[in-house]
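Here are the chains, one letter per residue:
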Amino acid sequence: MPLFTLTSLAGEPSDLAQVRAGAVLVHFFATWCETCRAELAALRQLDDRLHDRSVTIIGVDTGEVAVRVRRFFAGQSPPFLILLDGEAAVSKAWRVSVLPTTFLLDKNLTPRLVAEGDIDWAQPEVEETVTRLSQRSAEGKTGRAF
Amino acid sequence: MSIDRRALLKAGAALSAAAALPWAARADMDFNPQPGAWRRFQVVTRIDPVDVGGGRQVWVPVPAINEDAWFKSLGSDWTSNGNVDRARDSKYGAEMLHVTWSDDEKAPFVEVASTIATRDRAIDFSSPRAPVQLPPTEHALYTQGTELIPIDGIVKETSDRIVADAGAVTDLDKARAIYEWVVDNTFRDAKVRGCGIGDIAAMLKTGNLGGKCADINALYVGLTRAAGLPARDLYGIRVAPSRFGYKSLGAGSQTITKAQHCRAEVYLERFGWVPTDAADVRKVALEEPPKNLAIDDPKVVAARTTLFGAWEGNWLAYNSAHDVALEGSQSARVAFLMYPQGECAKARLDCLDPDSFKYTITAQDVTPA
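The listed protein sequences correspond, in order, to chains V and C. Residue numbers for the first sequence follow our numbering, beginning at 8 and rising by one. Residue numbers for the second sequence follow our numbering, beginning at 5 and rising by one.
This is chain V alone, in the form it adopts within the complex (with noise of 0.2 Å):
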């Protein structure tokens, strides 16, 4: 997957490269999506419980304007780093077709799981599988996931 840099909620760039400790979930969404609001909430339980693993959750909102996306999340702490592709450059790049959709990158950005819809993070098998695969070394294979 190309790397990006993306404009933060706070205005400022983020590179995927520098913004993460070790694994990453990329998770692309958007505020007009029901399903994606709903799966916000989870994922900022789940960043909780994985804070002291190395998996880093980066929310990527997709083909929306800034003023909206800062419009829904004033009042309330982002759950997680927030970038805005506004122009879905950084989608389309990444060939997402489907909202929302989740990569999973292990620490050195290699693709290791992809998930296309909403995903119930609570599940603890779910939660065992990011940790697994975050630790993994770049070598093997992508898969779908759940």
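Please keep in mind that the hints were generated in silico from the structure rather than gathered at the bench. Since we're looking at a predicted model, the values are computed, not measured. Even glycine gets a Cβ: it sits at the ideal position worked out from N, Cα and C. Hints may contain errors.
[Said to hold, decoys possible] Just a few of them, taken from the derived set where beta-carbon distance is under 7 Å, the chain C residues facing chain V:
hint	residue
1	R44
2	A206
3	K209
4	T210
5	A336
6	A351
7	D354
[Stated by the list, open to error] Taking lysine-lysine and the BS3-like style, the derived pairs with C-alpha atoms no more than 27 Å apart in a straight line are:
hint	chain 1	residue 1	chain 2	residue 2
8	C	K95	V	K99
9	V	K99	V	K114
10	C	K251	C	K262
11	C	K209	V	K99
12	C	K362	C	K262
13	C	K160	V	K99
14	C	K95	C	K76
15	C	K160	C	K110
16	V	K99	C	K350
17	C	K350	C	K95
18	C	K350	C	K262
19	C	K110	C	K76
Please arrange chain C on chain V, whose structure you already have, making use of the hints.
Chain C alone, transformed into the frame defined by chain V:
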């Protein structure tokens, strides 16, 4: 010109639940738009762009559709303390006013008054003409895919399956089969903001066939194009209540700021451009009092029957454009031009939030007495 609804359903090759309903289910409804007197409307768009930095500019859609049988764009006048240019999309002919202001303008505004004439339209399917094909350039334009309306892959597969399952042979059969399928298989999700983004491949891939007019009618256009039939979305705004008593199919007041609506047409060689609106059938089901009507409710059945082949003339058509470039914009093209668009400090404003943009749109019937 009258339309025999019984003959319509007999002639149609689509197989659907509604086609098997007893006639008593719709005996008390009379949703029957017919070409009659023209009505004239004036639509005023007032924009006071939010001041969050320099480089303020807006793009205001103005009516660009002219069809002898049912719609005339009669011109737009404007007042502004900015610089106003008229712009036109070269591919689809969509027209807009592009307004810019100097950074030191304290209270930028523009007010655009557009006048249109419109009337009901209805196709008499019992009286086909000799076949007339679209000119090649138009045929190519209205059978090609767009950014959000691809016609290959899952769209093509779905279209082929619908047509095959219905045993549809003629273009009329195919167009109707796809219409019935879209009505049967989609639902109007009122939680989708604005008119959706019309990404039909994702809709089909996820199986989430919900959405508002831009989604549902874009799905119809995509599936129909994939079947080889010219089809197009028409983007516009409701300007008056429905005269047939449908609260969900008209503007509830003279303030129409959030009354944007798109419709769809399919070109049939023996009938020309045929109006359809599967999205409004589903809107009736969801919103017509007492709301959440069943598919076999008489109001839904009547809408379903009528909205393949007829439209009520209470709606302004702006254009049929997709992937519209906004002259002077710092941002990407817009999927469709049905709302005012704006930018401040090189960032696009939220066209789906008129209160913060900000803009208002009103409509008034100015038909001469």
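For each hint, the structure was consulted:
no. : hint            : verdict
1   : R44             : 35 Å, violated
2   : A206            : 5 Å, holds
3   : K209            : 6 Å, holds
4   : T210            : 5 Å, holds
5   : A336            : 4 Å, holds
6   : A351            : 6 Å, holds
7   : D354            : 4 Å, holds
8   : C:K95 - V:K99   : 24 Å, holds
9   : V:K99 - V:K114  : 23 Å, holds
10  : C:K251 - C:K262 : 15 Å, holds
11  : C:K209 - V:K99  : 16 Å, holds
12  : C:K362 - C:K262 : 12 Å, holds
13  : C:K160 - V:K99  : 21 Å, holds
14  : C:K95 - C:K76   : 20 Å, holds
15  : C:K160 - C:K110 : 52 Å, violated
16  : V:K99 - C:K350  : 22 Å, holds
17  : C:K350 - C:K95  : 25 Å, holds
18  : C:K350 - C:K262 : 25 Å, holds
19  : C:K110 - C:K76  : 37 Å, violated
The structure fails to meet hints 1, 15 and 19 from the earlier list, while all remaining hints are met.
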